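If you read the sequences in order, they're chains A and B.
Numbering-wise (the numbering used here), the first sequence opens with residue 32 and increments by one.
Numbering-wise (the numbering used here), the second sequence opens with residue 32 and increments by one.
These are calculated hints, taken from the structure and not from any lab test.
Just so you know, these numbers come straight off a predicted model, no measurement behind them.
Incorrect hints may appear among the rest.
[What the hints assert, rightly or not] According to the in silico footprint, chain A covers these stretches of chain B (three or more CB under 8 Å from chain A):
1. 93-105
2. 108-121
3. 158-169
4. 182-192
[Said to hold, decoys possible] In silico PhoX-like cross-links for lysine-lysine, where the CA-CA straight-line distance does not exceed 20 Å:
5. 328/A / 83/B
6. 82/B / 355/A
7. 266/A / 111/B
8. 366/B / 293/B
9. 111/A / 293/B
10. 103/A / 328/B
11. 328/B / 83/A
12. 355/B / 83/A
13. 82/B / 328/A
14. 82/B / 111/B
15. 301/A / 223/A
16. 355/A / 111/B
We treat Cβ as the ideally placed atom computed from N, Cα and C, and that holds for glycine.
As a plain string of letters, each chain reads:
Number of protein chains: 2
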Amino acid sequence: MSGSEIINTTIEDIKPYLNSCSEDQLLFVIDSEIQKNYLDTLKDLQKVPGKKVLCYISMCGEEAKSFSEYEKMVNFFLEKGVHRNSKLIAIGGGAVTDVAGFFAATVLRGIRWWAVPTTLLGMVDASIGGKTALNSTFGKNLIGSFHMPEKVFIDESFLETLPEFELKSGLGEVIKYGMINVPLGDFLLENKASLKEIIFKCANYKNEITQGDFKEKGLRQVLNFGHTIGHAVEKIYNISHGESIFWGMYLILSLYGEEEDKKRLITLSKKVGSGFESPPWKNKTFPISDIMNFISKDKKRTSVESVNLILCTKAAGAEIYPEKLTVLETKLENKKDEFRTIQIEY
Amino acid sequence: MSGSEIINTTIEDIKPYLNSCSEDQLLFVIDSEIQKNYLDTLKDLQKVPGKKVLCYISMCGEEAKSFSEYEKMVNFFLEKGVHRNSKLIAIGGGAVTDVAGFFAATVLRGIRWWAVPTTLLGMVDASIGGKTALNSTFGKNLIGSFHMPEKVFIDESFLETLPEFELKSGLGEVIKYGMINVPLGDFLLENKASLKEIIFKCANYKNEITQGDFKEKGLRQVLNFGHTIGHAVEKIYNISHGESIFWGMYLILSLYGEEEDKKRLITLSKKVGSGFESPPWKNKTFPISDIMNFISKDKKRTSVESVNLILCTKAAGAEIYPEKLTVLETKLENKKDEFRTIQIEY
Chain A
32 MSGSEIINTT
42 IEDIKPYLNS
52 CSEDQLLFVI
62 DSEIQKNYLD
72 TLKDLQKVPG
82 KKVLCYISMC
92 GEEAKSFSEY
102 EKMVNFFLEK
112 GVHRNSKLIA
122 IGGGAVTDVA
132 GFFAATVLRG
142 IRWWAVPTTL
152 LGMVDASIGG
162 KTALNSTFGK
172 NLIGSFHMPE
182 KVFIDESFLE
192 TLPEFELKSG
202 LGEVIKYGMI
212 NVPLGDFLLE
222 NKASLKEIIF
232 KCANYKNEIT
242 QGDFKEKGLR
252 QVLNFGHTIG
262 HAVEKIYNIS
272 HGESIFWGMY
282 LILSLYGEEE
292 DKKRLITLSK
302 KVGSGFESPP
312 WKNKTFPISD
322 IMNFISKDKK
332 RTSVESVNLI
342 LCTKAAGAEI
352 YPEKLTVLET
362 KLENKKDEFR
372 TIQIEY
Chain B
32 MSGSEIINTT
42 IEDIKPYLNS
52 CSEDQLLFVI
62 DSEIQKNYLD
72 TLKDLQKVPG
82 KKVLCYISMC
92 GEEAKSFSEY
102 EKMVNFFLEK
112 GVHRNSKLIA
122 IGGGAVTDVA
132 GFFAATVLRG
142 IRWWAVPTTL
152 LGMVDASIGG
162 KTALNSTFGK
172 NLIGSFHMPE
182 KVFIDESFLE
192 TLPEFELKSG
202 LGEVIKYGMI
212 NVPLGDFLLE
222 NKASLKEIIF
232 KCANYKNEIT
242 QGDFKEKGLR
252 QVLNFGHTIG
262 HAVEKIYNIS
272 HGESIFWGMY
282 LILSLYGEEE
292 DKKRLITLSK
302 KVGSGFESPP
312 WKNKTFPISD
322 IMNFISKDKK
332 RTSVESVNLI
342 LCTKAAGAEI
352 YPEKLTVLET
362 KLENKKDEFR
372 TIQIEY
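Extracted from the complex, chain A is given alone in its bound form:
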């Protein structure tokens, strides 16, 4: 499976690509926040002579990924007459490219698509690698499909209107790349790169890994470092994805790593300016049963009794570590007092 073509561009310069693509129908799915902030630019982008253009404005954020929103998008486009020689162009945050990508994967059993991520998280992670998804009431991304976008257009000027909360969320994933890939981590720690350079390094690294392991049978799984517990934290406290992943990595390293590994995580976090200081359970009860309950429904589990944890430690590098659920629970239990008082000093 070949990866996506990652193109560094401005939103305006996508126009020639639209003009010359082979499809005769273009389906735009646009994040409502982006539509509001870039109205004229987006209106202009949709003027493509000789092609039928349809445009659907999607909710932004995780709510876009519900069954009912997906069904609404399906009905919108089917009613207007979609055919197989259509191309979908998804413009928005990770949630919007996730649901639009799933739509592209499943409408008429699959049409081609391009992604235009508009958040840092989307640029370095969500839009790269062809994982598309819906959420269920039982967890995030439990429904989905692998469907690679042909092209991913990155215009980092979208980040100028991105709320700080969202920017920090993206930094959580940037930190993760620094942990699972040592040269990339060292590059971040040198602190000479622009945000644009960082985005490209991360996007291309993910693109490379996912090319070699499209269906996540092997190497690609290391990208889930921090996600097993992170997704649970995200669900329980409704904090950003990237920050949740950061605490997911922190906890897993506390249980299975060395002090040195945790130190590198914190140094990276400081260097990229994430500002992650204390976890959402600070000075409250550490939510073990909620976490375990969530993990027991985690799709990365491959057996009834155990879960595949992803570990990135200095001693072992990146590895997939099958752990019994009961053992994981005991380990969390043993450290719950330590976890209640986590505080990173900046």
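Model the placement of chain B on the given structure of chain A, informed by the hints.
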């Protein structure tokens, strides 16, 4: 893409396959009609030592393929704790294997599955080739995915409890195979084969074609002979799939074929004992605008203005014939009086 392994067996003899499969969790999806008629056998089948077994009883028929039924199935299994090392076993008619297959394609971004078709249509067509689907209010199978079942188990004794209406529906597809594949058609016309032999010939033929063209970019499209208009007829009159496809072939041959082609269609229909005598619009208005309205939303269209018709004629063999919607409409209009009076004498 390799095809499915097609296994001629009895329902009871599937047991050893379940015992020895590598997954530690089995998800059964069973057609409610089949569950009723084969209760004890199915209960026994689910006793598999050492594996966690979950069972969902699905509605039977096209209603099983709605968004809401799909969502219900998703929530049922997610609530009970599905993981990626699960195998789904779908037992039922074509609608049930379609929706269960789509579930297998999309839950956790894909798990492995087996199909046990229980209708003639399922055995010769729906369960073979990995097309999975949901219906939308705008048409059948407009949402879906390609996801090949690893194995298809065929036990033709299920046909003993199949309503005649359903059996005839399967015969419509058998006739289609006879039209698109001349040796298979000649085999049917020789009339020495048992139903069991006919089923295997058809299932293996479809399996072969779909192996070579999994995503329906080329040869596989010939399997849609009769389907462009047939699906419209099915939607408008709510008659069986197979009978609709028969009338779809009849109309398309009336417009683009020779008298000889239509004669072969009728001879095949008589030989397999379908009993298709007159179309549902007999002596009423031929529903041109409903048909055209439906086709304009057909997923096999690849451009705004035209549709790819599939033709199987003696002169040209099987071919894909792009036709302008306006031309097709005029051709139907010109023959509407002839179509009102179709009657096949048995």
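Against the structure, the hints:
1. For a cut-off of 8 Å, the count of residues in the segment 93-105 of chain B with a CB near a CB of chain A stands at 3, and the three-residue condition holds.
2. Counting residues of the segment 108-121 of chain B whose beta carbon lies closer than 8 Å to any beta carbon of chain A gives 7, which reaches the threshold of three, so the coverage claim holds.
3. With 5 residues carrying a beta carbon less than 8 Å from a beta carbon of chain A, the segment 158-169 of chain B meets the three-residue requirement, and the given coverage holds.
4. Using a Cβ-Cβ cut-off of 8 Å, 0 residues of the segment 182-192 of chain B lie near chain A, which falls short of the minimum of three, so the contact claim is violated.
5. Of the supplied pair hints, the one linking residue 328/A and residue 83/B holds, its CA atoms being roughly 15 Å apart against a limit of 20 Å.
6. In summary, the hint linking residue 82/B to residue 355/A is supported, as the alpha carbons are separated by about 17 Å, within the 20 Å threshold.
7. Taken as a hint, the residue 266/A and residue 111/B pair is honoured in the structure, with Cα atoms around 18 Å apart against an allowance of 20 Å.
8. A distance of roughly 15 Å separates the Cα atoms of residue 366/B and residue 293/B; the hinted pair therefore holds under the 20 Å criterion.
9. A distance of roughly 35 Å separates the Cα atoms of residue 111/A and residue 293/B; the hinted pair therefore is violated under the 20 Å criterion.
10. Taking the CA atoms of residue 103/A and residue 328/B, the gap is about 17 Å. The hint holds against a cut of 20 Å.
11. Note on residue 328/B and residue 83/A: the hinted pairing holds, with a Cα-Cα distance of about 15 Å set against a maximum of 20 Å.
12. A C-alpha spacing of about 17 Å is found between residue 355/B and residue 83/A, which places the hinted pair at or below 20 Å, so the restraint holds.
13. Restraint check for residue 82/B and residue 328/A: the C-alpha separation of about 17 Å stays at or below 20 Å, so the hint holds.
14. At roughly 14 Å between alpha-carbon atoms, residue 82/B and residue 111/B fall within 20 Å of each other, so this suggested pair holds.
15. Straight-line distance between C-alpha atoms of residue 301/A and residue 223/A comes to about 14 Å, which keeps the hinted pair within the 20 Å bound.
16. Taken as a hint, the residue 355/A and residue 111/B pair is honoured in the structure, with Cα atoms around 18 Å apart against an allowance of 20 Å.
Of the numbered hints given earlier, the model fails hints 4, 9; all others are met.
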